[in-house]
Amino acid sequence: MASQILQSQQDEAALEAEGQAYFDRIISEDSRIEPRDWMPAGYRKTLLRQISQHAHSEIIGMQPEANWISRAPSLKRKAILMAKVQDEAGHGLYLYSAAETLGQSRDQMMDDLIAGKARYSSIFNYPALTWADMGAIGWLVDGAAICNQVPLCRASYGPYGRAMVRICKEESFHQRQGFEILLELANGTPEQKQMAQDAVNRWYAPSLMMFGPPDDDSPNSKQSMAWNIKRFSNDELRSRFVGMMVEQVRILGLTLPDSEVRFNEETRKWEHGPLDWDEFKEVLDGRGPCNAQRLERRRKAHDNGAWVREAAAAYAEKQSRKQAEKELAA
Amino acid sequence: MIPTDSHDSQARSGALVGVGPESATRITPGNALRPEDIALEVSTGLVKPAEDAAEYALRLGDDALILAQRLGHWISRAPELEEDVALGNIALDQLGHARSFLSYAGGAWGKSEDDLAYFRREPEFRSAHLVEQPNGDFAVTIARQFVVSYYQFELYRRLTESKDSTLSAIAAKAVKEVDYHRDHSAQWVLRLALGTEESRRRIQHAFKLIWPYVDELFLDDELTTRLAEAGVAVEPSSLRGDFDRLTGEVLAEAELEVPQVPAAPGGGRRGRHSEHLGYILAEMQVLAREHPGAKW
Numbered sequence: 001m002a003s004q005i006l007q008s009q010q011d012e013a014a015l016e017a018e019g020q021a022y023f024d025r026i027i028s029e030d031s032r033i034e035p036r037d038w039m040p041a042g043y044r045k046t047l048l049r050q051i052s053q054h055a056h057s058e059i060i061g062m063q064p065e066a067n068w069i070s071r072a073p074s075l076k077r078k079a080i081l082m083a084k085v086q087d088e089a090g091h092g093l094y095l096y097s098a099a100e101t102l103g104q105s106r107d108q109m110m111d112d113l114i115a116g117k118a119r120y121s122s123i124f125n126y127p128a129l130t131w132a133d134m135g136a137i138g139w140l141v142d143g144a145a146i147c148n149q150v151p152l153c154r155a156s157y158g159p160y161g162r163a164m165v166r167i168c169k170e171e172s173f174h175q176r177q178g179f180e181i182l183l184e185l186a187n188g189t190p191e192q193k194q195m196a197q198d199a200v201n202r203w204y205a206p207s208l209m210m211f212g213p214p215d216d217d218s219p220n221s222k223q224s225m226a227w228n229i230k231r232f233s234n235d236e237l238r239s240r241f242v243g244m245m246v247e248q249v250r251i252l253g254l255t256l257p258d259s260e261v262r263f264n265e266e267t268r269k270w271e272h273g274p275l276d277w278d279e280f281k282e283v284l285d286g287r288g289p290c291n292a293q294r295l296e297r298r299r300k301a302h303d304n305g306a307w308v309r310e311a312a313a314a315y316a317e318k319q320s321r322k323q324a325e326k327e328l329a330a
Numbered sequence: 001m002i003p004t005d006s007h008d009s010q011a012r013s014g015a016l017v018g019v020g021p022e023s024a025t026r027i028t029p030g031n032a033l034r035p036e037d038i039a040l041e042v043s044t045g046l047v048k049p050a051e052d053a054a055e056y057a058l059r060l061g062d063d064a065l066i067l068a069q070r071l072g073h074w075i076s077r078a079p080e081l082e083e084d085v086a087l088g089n090i091a092l093d094q095l096g097h098a099r100s101f102l103s104y105a106g107g108a109w110g111k112s113e114d115d116l117a118y119f120r121r122e123p124e125f126r127s128a129h130l131v132e133q134p135n136g137d138f139a140v141t142i143a144r145q146f147v148v149s150y151y152q153f154e155l156y157r158r159l160t161e162s163k164d165s166t167l168s169a170i171a172a173k174a175v176k177e178v179d180y181h182r183d184h185s186a187q188w189v190l191r192l193a194l195g196t197e198e199s200r201r202r203i204q205h206a207f208k209l210i211w212p213y214v215d216e217l218f219l220d221d222e223l224t225t226r227l228a229e230a231g232v233a234v235e236p237s238s239l240r241g242d243f244d245r246l247t248g249e250v251l252a253e254a255e256l257e258v259p260q261v262p263a264a265p266g267g268g269r270r271g272r273h274s275e276h277l278g279y280i281l282a283e284m285q286v287l288a289r290e291h292p293g294a295k296w
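If you read the sequences in order, they're chains R and V.
Just so you know, we're using our numbering here: the first sequence kicks off at 1 and counts up by one.
Just so you know, we're using our numbering here: the second sequence kicks off at 1 and counts up by one.
Rather than coming from a laboratory, the hints here were simulated on the basis of the structure.
Predicted, not measured: the structure shown is a model, and the values here were computed from it.
Take these hints with a grain of salt, some might be off.
Label pairs and their computed distance ranges (CB to CB) [to be verified]:
#1 Gly271(V) to Arg154(R): 55 to 63 Å
#2 Ser97(R) to His291(V): 38 to 46 Å
#3 Val258(V) to Arg321(R): 24 to 32 Å
#4 Ala306(R) to Val261(V): 23 to 31 Å
#5 Gly110(V) to Glu271(R): 49 to 57 Å
#6 Lys176(V) to Ala313(R): 27 to 35 Å
#7 Lys176(V) to Ser97(R): 26 to 34 Å
#8 Ser238(V) to Ala324(R): 43 to 51 Å
#9 Arg166(R) to Gly110(V): 38 to 46 Å
#10 Ser168(V) to Gly273(R): 58 to 66 Å
#11 Arg321(R) to Gln187(V): 16 to 24 Å
#12 Ala313(R) to Val261(V): 26 to 34 Å
From the three backbone atoms N, C-alpha and C, an ideal C-beta is built for every residue, glycine too.
Please build the complete structure, drawing on both the sequences and the hints.
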């Protein structure tokens, strides 16, 4: 008996070593890991955390924009905004599906979100106060998301990378529509221009913080880069993003609320003024303007929908029972 | 799905319905009619609806607009993510139909879709009471959608034969979309009615709440009679038989009775609305009215 256990432990260790060797080769070839492949527990855990957080961000991120669907100031803008928020639900769906391939159910992820156990992008805990916020969210928040996400299309985990390809295509539409909203406002009445500048002022710093803490304070980044999940460091991506915004804000005829933005000729990188990382941590820890509101809205939608999901499940079960009886009788 | 080109660039390209599109963003599935195309035709004087046809388009447009406004509220609040997407799609379709009808109607009075949506007062709206009804729970929304989509399907199916080529073109696009809305709501009626005891109780109650507003949809008046005789509009009463038969089939399969409740008198087509419309408009119009004359 004891020798049998020993034997099976040895077999497992051999399988593990074989799996690790395969995994290492795939990563070194910059190729893709698929759901049935062996993968280190840490890799699985990191991906599951990252993908589910990303999915939650899409779902919670629907709220600040959905807040303006009913008040959109023209029917064309209303249609675009509806389509955009709907896209975000779709992104959430692909991402939950990608995360499910790692072995956790969507129900479980949703329960974790509602219980406050899972995180989502902190930026959605800020309020969308005016119509111009629809522009600033599209231009800055989706713009930052694209900078982050384009390299993720090459992430080593197949289902994640493939989901990101589609998401990035739609996100670039979103960013363009945000830019277009701001452009129209910036060229509109003085009140509209003021509204646009105010929104850019409020969303600028939080969008820079979307790239995560500075590199010297980002403990997980190194491992993620070694696993080919992450391709560029937080600061590298943030700097690129600032460079793009500097160009685009000129076309808008607006300004960035940062007097220290400059191109460093030596490092060939864009630099920005200091960011309030204490605020970032506060919001991340639940003390942002809308944390409680966002979770409560999600919880309510989920709870109010429970009877509907139960009905659909009960109906499906009855139908398949009927079908089975029919086949049995035949 | 997202119209990206500006009105100006369309005007420059001179692209009209059925004319070869110059820009990739002009291409729609099946080269379908877009609200922007109608607005362009109207603004360039290529088409101008007669007063009667405009009044009629206003009714259809207002029904679709108010329904879209109601349905849009579900986005981010639906029972499942799939339903956020589905209800969002239906809302978008309805909004598209509304924009087309209103763009066309506005041609009679030199007004844009936005002038009509944002700067009319409550008595100037022509929506039926049914679409103004609150979303309620998911069952109420489904019951309302079930009635609307079966009604709209029969209406648009016949309106494709209209002698007014713009109305028939809008209907030809809309009828395909509304067919999906029928399917969506019928599938849910079955699931809710035959799912659990609770869901059955809720959908039964929902139909009782919604059914008083069914009759108004099928009332004829001088305008519809006049337009029907001219081959422009569909007489609402002529839709009732098919509506009853087709909804009846689904209700029978769902083991539900047609609710025996008294009909409400309606009045939306004359500008007499439910208590709900004022709130809907207050929310929908607030920003546009804060900045009259502004472009967005």
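A quick look at each hint next to the structure:
1. For the pair Gly271(V) and Arg154(R), the beta carbons lie near 59 Å from each other, so the given range of 55 to 63 Å is met.
2. Taking the beta carbon of each, Ser97(R) and His291(V) are about 42 Å apart, inside 38 to 46 Å as hinted.
3. Distance hint check: the CB atoms of Val258(V) and Arg321(R) are about 28 Å apart, consistent with the given range 24 to 32 Å.
4. Checking the proposed 23 to 31 Å range against Ala306(R) and Val261(V) shows it holds: the Cβ atoms sit about 28 Å from each other.
5. Distance hint for Gly110(V) and Glu271(R): a CB-CB separation of about 54 Å, consistent with the stated range 49 to 57 Å.
6. Between Lys176(V) and Ala313(R) the CB atoms are about 31 Å apart, so this pair conforms to the stated range of 27 to 35 Å.
7. The beta-carbon spacing between Lys176(V) and Ser97(R), approximately 29 Å, falls within the hinted interval of 26 to 34 Å.
8. For the pair Ser238(V) and Ala324(R), the beta carbons lie near 44 Å from each other, so the given range of 43 to 51 Å is met.
9. At about 43 Å, the CB distance of Arg166(R) to Gly110(V) agrees with the hint of 38 to 46 Å.
10. For Ser168(V) and Gly273(R), the hinted distance range of 58 to 66 Å is satisfied, since their beta carbons lie about 60 Å from each other.
11. Judged by the Cβ atoms, the range 16 to 24 Å given for Arg321(R) and Gln187(V) holds: they are separated by roughly 19 Å.
12. For Ala313(R) paired with Val261(V), a C-beta distance near 31 Å keeps the hint of 26 to 34 Å intact.
Taken one by one, the earlier hints all hold for this structure without exception.
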